[in-house]
Amino acid sequence: MRTATETLLKVEDLKLYFRTTKGVVQAVDGVSFEVGKARSVVVVGESGCGKSSLAKAILRLLPRNVHTYSGHIYMDGVDLMSLSDEEFRRNVRWVKISYVAQGAMNSLNPVIKVGEQVAEALLIHTDGVTRREALERVQEVFRFVGVPLDFIDRYAFELSGGMRQRVVIAMALITHPPLIILDEPTSALDVLTQANIMNSLKRIKKEMKVAYFLITHDIATSSELAEDAIVMYAGQIVEMGEAGHFYLTPKHPYSEMLMASVPTLREDKELRFIPGQPPSLINPPTGCRFAPRCPKRFSMCDSEPPMVELADGRKVKCHLYG
Amino acid sequence: MSGFLSGLRELTKYRSAVLGLFIIGIFVVVAVYAVVKVPYSEAKRLWRSGEKVWRENPVNALPAWVNLFPGINLPPNIVVDSRKDKNVQKKIISQSATLRKAEIVLPFEFDYDGFPKELTVHFFTRYKRTKPFVLFHWQTPDGRVFDFGNVQISQDQWYGISLDKDLAASLGGVPERGLFVDPHNPDRPLKGEYKLTIEAYLFEPDADIDARLIVYGQVHGIAGTDHLRRDISLGLLWGIPIALIFGVLAALGTMVSTLIIAAIGSWFGGWVDGLIQRLTEIRMVLPTLPILIMIGVFYSSSIWVMLGAVILLSIISGAIKTYRAVFLQEKNAPYIEAARSYGAGSLRIIFRYLVPRVIPWLVPGFVLAIPDMVFLEAALAVLGLGDPVLPTLGKVLDDAFANGALYHGYYYWVVEPSVILIAMGFSFSMVGFALDRIFNPRLREI
Amino acid sequence: MARQETHKRTFFQTSLRLLRYVVIRGLSVGVSVVIGVYLTIYIANMGGYVDKIKESEIREQVAMSVHANPQYKFLPPSKQKELIAQQVELEKKRLGLDKPFLYRSGKYLVQALSLNLGRAQHLTSDSGSRRVWLILAERLPVSVLLFGTANLILFFLGVFLALGLSRKYGSLWDKTVVAMAPTSAAPPWFYGIILILIFAAILKILPFGGLVDAPPPPTRLGYALSVLKHMILPLMAWIMSGFFITVYNWRTFFLIYSSEDYVEMARAKGVAARAIERRYILRPTLPTIITSFALMLISAWMGAIITETVFNWPGLGQLFYAAISAFDSPVIVGETVLYAYLLAITVFFLDIIYALVDPRIKVGAKGGGL
Numbered sequence: 055m056r057t058a059t060e061t062l063l064k065v066e067d068l069k070l071y072f073r074t075t076k077g078v079v080q081a082v083d084g085v086s087f088e089v090g091k092a093r094s095v096v097v098v099g100e101s102g103c104g105k106s107s108l109a110k111a112i113l114r115l116l117p118r119n120v121h122t123y124s125g126h127i128y129m130d131g132v133d134l135m136s137l138s139d140e141e142f143r144r145n146v147r148w149v150k151i152s153y154v155a156q157g158a159m160n161s162l163n164p165v166i167k168v169g170e171q172v173a174e175a176l177l178i179h180t181d182g183v184t185r186r187e188a189l190e191r192v193q194e195v196f197r198f199v200g201v202p203l204d205f206i207d208r209y210a211f212e213l214s215g216g217m218r219q220r221v222v223i224a225m226a227l228i229t230h231p232p233l234i235i236l237d238e239p240t241s242a243l244d245v246l247t248q249a250n251i252m253n254s255l256k257r258i259k260k261e262m263k264v265a266y267f268l269i270t271h272d273i274a275t276s277s278e279l280a281e282d283a284i285v286m287y288a289g290q291i292v293e294m295g296e297a298g299h300f301y302l303t304p305k306h307p308y309s310e311m312l313m314a315s316v317p318t319l320r321e322d323k324e325l326r327f328i329p330g331q332p333p334s335l336i337n338p339p340t341g342c343r344f345a346p347r348c349p350k351r352f353s354m355c356d357s358e359p360p361m362v363e364l365a366d367g368r369k370v371k372c373h374l375y376g
Numbered sequence: 021m022s023g024f025l026s027g028l029r030e031l032t033k034y035r036s037a038v039l040g041l042f043i044i045g046i047f048v049v050v051a052v053y054a055v056v057k058v059p060y061s062e063a064k065r066l067w068r069s070g071e072k073v074w075r076e077n078p079v080n081a082l083p084a085w086v087n088l089f090p091g092i093n094l095p096p097n098i099v100v101d102s103r104k105d106k107n108v109q110k111k112i113i114s115q116s117a118t119l120r121k122a123e124i125v126l127p128f129e130f131d132y133d134g135f136p137k138e139l140t141v142h143f144f145t146r147y148k149r150t151k152p153f154v155l156f157h158w159q160t161p162d163g164r165v166f167d168f169g170n171v172q173i174s175q176d177q178w179y180g181i182s183l184d185k186d187l188a189a190s191l192g193g194v195p196e197r198g199l200f201v202d203p204h205n206p207d208r209p210l211k212g213e214y215k216l217t218i219e220a221y222l223f224e225p226d227a228d229i230d231a232r233l234i235v236y237g238q239v240h241g242i243a244g245t246d247h248l249r250r251d252i253s254l255g256l257l258w259g260i261p262i263a264l265i266f267g268v269l270a271a272l273g274t275m276v277s278t279l280i281i282a283a284i285g286s287w288f289g290g291w292v293d294g295l296i297q298r299l300t301e302i303r304m305v306l307p308t309l310p311i312l313i314m315i316g317v318f319y320s321s322s323i324w325v326m327l328g329a330v331i332l333l334s335i336i337s338g339a340i341k342t343y344r345a346v347f348l349q350e351k352n353a354p355y356i357e358a359a360r361s362y363g364a365g366s367l368r369i370i371f372r373y374l375v376p377r378v379i380p381w382l383v384p385g386f387v388l389a390i391p392d393m394v395f396l397e398a399a400l401a402v403l404g405l406g407d408p409v410l411p412t413l414g415k416v417l418d419d420a421f422a423n424g425a426l427y428h429g430y431y432y433w434v435v436e437p438s439v440i441l442i443a444m445g446f447s448f449s450m451v452g453f454a455l456d457r458i459f460n461p462r463l464r465e466i
Numbered sequence: 017m018a019r020q021e022t023h024k025r026t027f028f029q030t031s032l033r034l035l036r037y038v039v040i041r042g043l044s045v046g047v048s049v050v051i052g053v054y055l056t057i058y059i060a061n062m063g064g065y066v067d068k069i070k071e072s073e074i075r076e077q078v079a080m081s082v083h084a085n086p087q088y089k090f091l092p093p094s095k096q097k098e099l100i101a102q103q104v105e106l107e108k109k110r111l112g113l114d115k116p117f118l119y120r121s122g123k124y125l126v127q128a129l130s131l132n133l134g135r136a137q138h139l140t141s142d143s144g145s146r147r148v149w150l151i152l153a154e155r156l157p158v159s160v161l162l163f164g165t166a167n168l169i170l171f172f173l174g175v176f177l178a179l180g181l182s183r184k185y186g187s188l189w190d191k192t193v194v195a196m197a198p199t200s201a202a203p204p205w206f207y208g209i210i211l212i213l214i215f216a217a218i219l220k221i222l223p224f225g226g227l228v229d230a231p232p233p234p235t236r237l238g239y240a241l242s243v244l245k246h247m248i249l250p251l252m253a254w255i256m257s258g259f260f261i262t263v264y265n266w267r268t269f270f271l272i273y274s275s276e277d278y279v280e281m282a283r284a285k286g287v288a289a290r291a292i293e294r295r296y297i298l299r300p301t302l303p304t305i306i307t308s309f310a311l312m313l314i315s316a317w318m319g320a321i322i323t324e325t326v327f328n329w330p331g332l333g334q335l336f337y338a339a340i341s342a343f344d345s346p347v348i349v350g351e352t353v354l355y356a357y358l359l360a361i362t363v364f365f366l367d368i369i370y371a372l373v374d375p376r377i378k379v380g381a382k383g384g385g386l
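Protein chains in written order, with the working numbering: chain A, 55 to 376; chain B, 21 to 466; chain C, 17 to 386.
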């Protein structure tokens, strides 16, 4: 995307397919992109487009029915895909990349005190840290994230949804990883809490210089957090570039329709919706996957569109630009 | 409903379930056959009849198919009847005005490697006052003749040759061996044609006598016989429908009543729910089997009473907790609220909406409960609390134990009902487990 | 849902809460026992059996005392009979046995609850006593020896094998366990019969049943070994019946719990596999595991009636069978009451352990675990 800053993460042709009783689901189908250091990326798309699977693919959180898992993920000069599970566990997880899962309600172990769980993240990956020291760090990060200190000794069920989400964010921060993947961090929360959490995230980003890989279907709230944007459709990236460009002048027909469906505060615009359904990820169609729903489709769209780089550095996967 | 049916179709994907269904199918066919061929009252009558019906069967005979094994050649029942068999010669000669002598020759072939179990002659005589007098002459294939008898015979008399003490004394052993033994090889019977000649003296002009010789075999029937000479196949045959019916009814009755109570409790909440919770706790403290046993010992061990007791005891059980949890979750669902708001009555809501929700737990649970019930009936029978009049699988097993089947080597008596019980248990179990894998929503997540 | 307390919870507070819980549960279970035992007596007495037992006991005692009394010893038998009948009526009145059923059953209830279970009609204990309580007390340890061992083995084998198995979903071991699960449809006594058939009747290498060889070996070691030898077949039967379903159930249970979100989060965090097993799968499921443990203990005392009978193992179960055969009502009723007590105690301890382990109860959250 941009080359002004250093590249933190470079993903090349990442594939993740699952085996199901109905066939092989091609959830992530050859995705390539880069994340810059301290530059956040937001990944948008409809439900089922593969965003969450992308997160899991990067994190190597594979389900039992994996069919294909291939590609390259470069970070700090190392291809993460080439690491063994144990190396990955020790050197990548939480050290380089941490994760805030969708629905923090259940991300916390119900029978272990919350503070302990956050401390655990630190204790696993740092040698020579005593439990007391770790708990002190927990206090620091709780303060930072906005969690009252006496919650350290509480259990997950004693906390409200918003508070739990903060704890999970704190847990993701405690080892100071350069990249944090957040999967729908606020979808399950009420609007007020959402705004609060989003503000906290903004603050954290500024103060800790961390890069977010934010996955969401809520385009509106994510606009403030990310410098870059990736649009996914049916397991593929259809547009990526600077977030500003994307929000103001989306290029791919799908991105256009997405933005058109988001209400804006000061405009009185007619909301459009995208008719039809996204294609099944089992045996996806050849050619452009958006073509059946695209108002701008033409004859070339029967073949696989190329990823075209535009003048402003954006990439679009569409025949209109090729 | 459609989900239910498609679930059933999915069942065919599991090989174990298909096998299970196949075996169940066989049992159902056999059960129907049993009920049709030997109606309920008839089955009871036969099973309880004792000597009248079963007298011509040997005691504790092995099943006939044992002879299929190489090297095994055991005698079956051989019956020779002077009234019917063509090869029997019967002559009546007048000796004087009142005395007539009847001579009945009953021949039979004996080509077996084992000795008969018993020897009996069933006499059919006609006379007014004076009983006929009978002498026996036994001729072996190699021409030896043994004379014994010398008795008066009444109208319908069974004369046990094997019980003849004088004969035994003169033979130096039991008659069923002594009369058959090969003189050169005391362990084996002599093969060939034997002849029993009955010399009878009739003292009235109208008197008559017929004889039916029964050489009791060591094998009899498809399943052998028990200590009361009953053909075990009757017990097994009828045991199958009884086990099926008991198992299904008990499982069904339990499931339905538990379901209703759980639904009512969770729907109405408040003191109703609280009461049901307390009842469940009390039930946890009551030991099931001992109470069933108490009922069986003190009142009646009839299978219908037991069935009722089992269902009653199972109504309030642990399953209530599971169903209740599901109902409570569903109770607050929007569609239930919607139903209430348009005025649907409680009963309607319970039965149309809540109950179908629990089907994923119901269906596999029901199928898996059946073998437990079948074995429960067998267990009660083995304890001696089986139904006193009906032939059930458990009863056959109980008889086997009570008569020391394992000590005496009557293994078939134990193996046959056991095999059927295992097959029943496993087949329902296999189907039940497959159903669980299909219907249980928690298992789908894996 | 969130607590806005700003002071730390003290140890004192937690203990107080626990204590309150224990007392409430104790009372609740106690009430259940009383009602349960009452029901037992009611069922037993619906045919008037408990009454008959009482009456014959009285008759026996009165007869004994009359015969022993020097005053009455030399009366003619008919006179004695009259006297006995009179005295029996007096005794019955004194003990309130001529009062309505409610009163009588109440009396029996009190007696049963205090484990005053009367005297057996035919059976005796090894020491010759006819007191039902003694007979029961003698048999209890024998049952516990066998079924305690059997259930412990089954439980620990089951849980630990299943925990390991849950990590290998779809493997050959996994498929085998699933395929063999239906073998548990047959109860232990059934496998017992087959094992006896094979090992005792046909192969003749293990005994048909009983506790020890007859005559028992003179040395303590010899005795112990003999008991062990006699335990082999019943243990095998018990384990054969329970093994596959136990492993299957736990494996399914752990599989479900290992697909929880917090387990995935732990994986994402980089927690090692062993630690995940321990802290994220085992610990949250501990209440359920312990519940199962206790429930397993419950079932051991009861289903064992037939297993013990089949193996002639002289424990509570076989006693029950002997009582049935001898139609010894006091023992039948007494043993049922004992079972009720044992069940209640188990339920009660279960609740306590549950409370200690589930933080939601310790902390007193609404809807936590109860």
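Derived from the structure by calculation, the hints contain no laboratory data. Accuracy of the hints is not assured; some may be wrong.
Calculated pairs, BS3-like style, for lysine-lysine (alpha carbon to alpha carbon, straight line, at most 30 Å) [what the hints assert, rightly or not]: (1) B/Lys-64 to A/Lys-167; (2) A/Lys-76 to C/Lys-245; (3) B/Lys-151 to B/Lys-64; (4) A/Lys-69 to C/Lys-184; (5) A/Lys-150 to C/Lys-68; (6) C/Lys-191 to A/Lys-76; (7) B/Lys-33 to C/Lys-97; (8) B/Lys-351 to B/Lys-341; (9) A/Lys-76 to B/Lys-185; (10) A/Lys-91 to A/Lys-64; (11) B/Lys-33 to C/Lys-184; (12) A/Lys-263 to A/Lys-150.
Remember, it's a predicted structure, so these values are computed and weren't measured experimentally.
Hints violated by the structure (numbers, ascending): 1, 2, 3, 5, 7 and 9
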